[in-house]
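One letter stands for each residue in the lines below.
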Amino acid sequence: MSESLPLLCETAEKLFRDLAERQAPFAAAWAEIEAAGFPLLLTPEVEGGFGGDWQDAFAVLRIAGAHALAAPLAEAIAAAHVSRRAGWAPRDGLTVIATSSAAAFVGDRFTGTVAAPWGRAATYVIARVSDRVVRLAVADAAITESANTAGDPRDALRFDGAAAEDAADDDIALWGALARTAQIAGALDAALSLSITYANERVQFGKPIGKFQAVQQSLAEFAEEAAAVNCAGRAAACAADCGDASMEIAAAKLRAGQAAAIGARVAHQVHGAIGFTHEHELHRYTTRLTSWRSEYGNERSWSAYLGAWAVQQGADGLWPAIVARADVQNGS
Amino acid sequence: MTPHIVVAGRLALRDARSVETFSIRPFRPPGDVAQLRRDVRAFLREHQPVGGAARRANCWAVGDSAFSRALGAAGYIGMIWPKAYGGHERHPLERYVVLEELLAAGAPVGMHWIADRQSGPLLLRYGTEAQRQTYLPAMARGELHACIGMSEPGAGSDLASVRTRGERTADGWRINGQKVWTTNAHNAHVMIALVRTSEGEKRQDGLTQFLIELDRPGVSVRPIVDLAGGHDFNEVFLDDVLIPDENRIGAEGAGWKQVTAELSLERSGPERYLSSYALLVELVRLAGGDADPTLKALIGRFTAELWCLRQMSLSTAAKLAAGEDPALEAAMVKDLGNSFEQEMPRVVQGALEHIDLAAPADLSRILSVLLLVAPSFSLRGGTREILRGIVARGLGLR
Ligand SMILES: Cc1cc2nc3c(=O)[nH]c(=O)nc-3n(C[C@H](O)[C@H](O)[C@H](O)COP(=O)(O)OP(=O)(O)OC[C@H]3O[C@@H](n4cnc5c(N)ncnc54)[C@H](O)[C@@H]3O)c2cc1C
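Residue numbers (our numbering), protein chains in the order written: chain D, 1 to 332; chain X, 1 to 398.
The set of hints was computed from the structure by calculation and includes no laboratory data.
Be aware that a few hints might be false.
Unchecked claim - Example chain X residues on the side facing chain D (calculated, C-beta under 10 angstroms, incomplete):
#1 29
#2 223
#3 389
#4 397
Claimed, not checked - Examples of chain D residues lying across from chain X (beta carbon under 10 angstroms, computed):
#5 167
#6 227
#7 236
#8 244
#9 247
#10 251
#11 308
#12 311
#13 323
#14 324
#15 331
Unchecked claim - In silico BS3-like pairs for lysine-lysine, Cα to Cα no more than 30 angstroms straight-line:
#16 211/D <-> 257/X
#17 83/X <-> 319/X
#18 207/D <-> 83/X
#19 83/X <-> 211/D
#20 257/X <-> 319/X
#21 257/X <-> 202/X
#22 257/X <-> 83/X
We treat Cβ as the ideally placed atom computed from N, Cα and C, and that holds for glycine.
Please construct the entire structure, taking both the sequences and the accompanying hints into account.
If you want it as structure tokens, here you go:
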């Protein structure tokens, strides 16, 4: 965690809130986000970045989620991280990591389709193909525009024998999953906060609905889910700063996916019909929660991954493995 | 980090957008943690618990006097108490490490659990010097066991409605009433009872805690057999039980405050999410020779939940060790943890092919026990609804 994290968070809080309130168009918003240096959060200072770690990135992306930031900051931070690990030179313009790809790599030519958040606005996209990671120029792709449940761009990029830089395997889904976990943590906290405020204000049967025990119990469950994601996500970020964090990130994203579904359900139930309108802001969080739950691995894929990991540790090795990793990550 | 302040179990919403419900503390026990774990595991290899696999399930409700004495002799009971009272002056987080190792191994820790977790610390905090000297060393040796006399027939969740009465006598107190669901009273030597000593302005006033030796005249312990056929809890009748004033714990009328502090200890430990861990172990063993993707995915889900709960529990333990009172966090971890321990056997029963609950295999034995006892997980130590009420209060809804 960097020394200047509080300042960083303050800047993020101000900028992301401001962008949301102004409903700034994407190009203008992204220019401000870049100017503030957020996409280079994990890039070392000597290379012109912020020199932060995953705990810093988690904190910033959590705030981005808490303001339902409609920009590919998570994807850009993860892309810069993967590029560095791959030994690729930094490039101007937006680079994002793909959410999935169906492609083949023949020689140094790439053919296939890559799903890219904000693909239409990106200059480069990083994808995983068989046991390599590749960086592709979006200019080489035919773009089919689409959108996620929140209306944020989710484009399909079709490459046909495109040139690509390639590097040894890196599980880009892991970095995407950690970033999404942070966003989910923030969006859950924001939706929870809206729900609590609403429950204290909305009066039915002569009292605020938050005084009804049924409502209280649902919101308590919601708060516990949000707490679980925040705790798991921070621990996974801390693990990522220590070395191999595949198990922790997989667990955190799995947990976040479950919580995203429960949180959105409770938030909408508490808000009644008003929360179902376009006018009310609740959907800005819940539609993104819905989308983020699927991206960079849903519960099915991460549970398969973790299950294989656990079985590999063996019945009597599972507990020792879980605690030994955490002991190292806690620095004890 | 975004601002968050938790004041006395209440969460302050500073910024509508950045409510944070669970502040995180790093878990850093002093010393060589890996060595401590090796030591506990070596102890467990040397003192292999007796009995079948089923005793590894919900193991902190399983008592074994010899095991507790051995554990005490090895310095693993009363770990954080002063040496002057037979303790070992270890760090609270070292104790946490030992507890979680014991629970993960399914060790039968039930005999001394309450003395170590609750009654000993209560005496240390509120007891007199004489009480500490009399009871703590034997508790730390794993020889003197305690039970909790809070619940009564008319006082469950609504603990402040206890009716057991204490009346002043010339040199002490006369206690009359009845306690119920008293875990391990049939093996314990002392009970710490919450007793009404006066009618206060508020219902919570006028309650006092007493240490009652269970061999005193007028005390009778009757077993209550649970639905699984086990005998863990009891009714305890108190008929004109005379005790000296030296048996009062803390100030007269301070019982409610003391009990509330005790509940934080009772709710925040690793036992609140590990009661069903033995089942996960057997599932992994089953999957070892089997590539069934459904089973593996299930194991993956449980592993994620276990890891996440452990992180929450570690953070809560770190707060407790730093002298804070994480009542809100403890309620959250206990509720989520209880749901996990309850869900695991239920889901496993529905997901496994050809599972014969009557089979002699370890998996069947453990699953059967857990299916039977799981309903109690979200009752003991505060029900799910009561815990969620605490959380709702923390959210500013009550
Ligand atoms: C295995 C086991 C061991 C135990 N060991 C001990 C022990 O050693 N010592 C001891 O003192 N006690 C012990 N208990 C008792 C335990 O603390 C109580 O069971 C618990 O506090 C609940 O009380 P009750 O059973 O009377 O249920 P009740 O309080 O009657 O509750 C019944 C149901 O009503 C709900 N309810 C009650 N009040 C409210 C409310 N205000 N709002 C919403 N819902 C509500 C509850 O959540 C629950 O679902 C033990 C219990 C079990 C199951």
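These are the hints, each one checked on the structure:
| no. | hint | in the structure |
| --- | --- | --- |
| 1 | 29 | holds, 6 angstroms |
| 2 | 223 | violated, 34 angstroms |
| 3 | 389 | holds, 7 angstroms |
| 4 | 397 | holds, 4 angstroms |
| 5 | 167 | violated, 28 angstroms |
| 6 | 227 | holds, 3 angstroms |
| 7 | 236 | holds, 9 angstroms |
| 8 | 244 | violated, 14 angstroms |
| 9 | 247 | holds, 8 angstroms |
| 10 | 251 | holds, 4 angstroms |
| 11 | 308 | holds, 6 angstroms |
| 12 | 311 | holds, 5 angstroms |
| 13 | 323 | holds, 7 angstroms |
| 14 | 324 | holds, 7 angstroms |
| 15 | 331 | holds, 6 angstroms |
| 16 | 211/D <-> 257/X | holds, 26 angstroms |
| 17 | 83/X <-> 319/X | holds, 24 angstroms |
| 18 | 207/D <-> 83/X | violated, 56 angstroms |
| 19 | 83/X <-> 211/D | violated, 49 angstroms |
| 20 | 257/X <-> 319/X | holds, 20 angstroms |
| 21 | 257/X <-> 202/X | holds, 13 angstroms |
| 22 | 257/X <-> 83/X | holds, 27 angstroms |
Hints 2, 5, 8, 18 and 19 from the list above are not met by this structure, while the remaining hints are.
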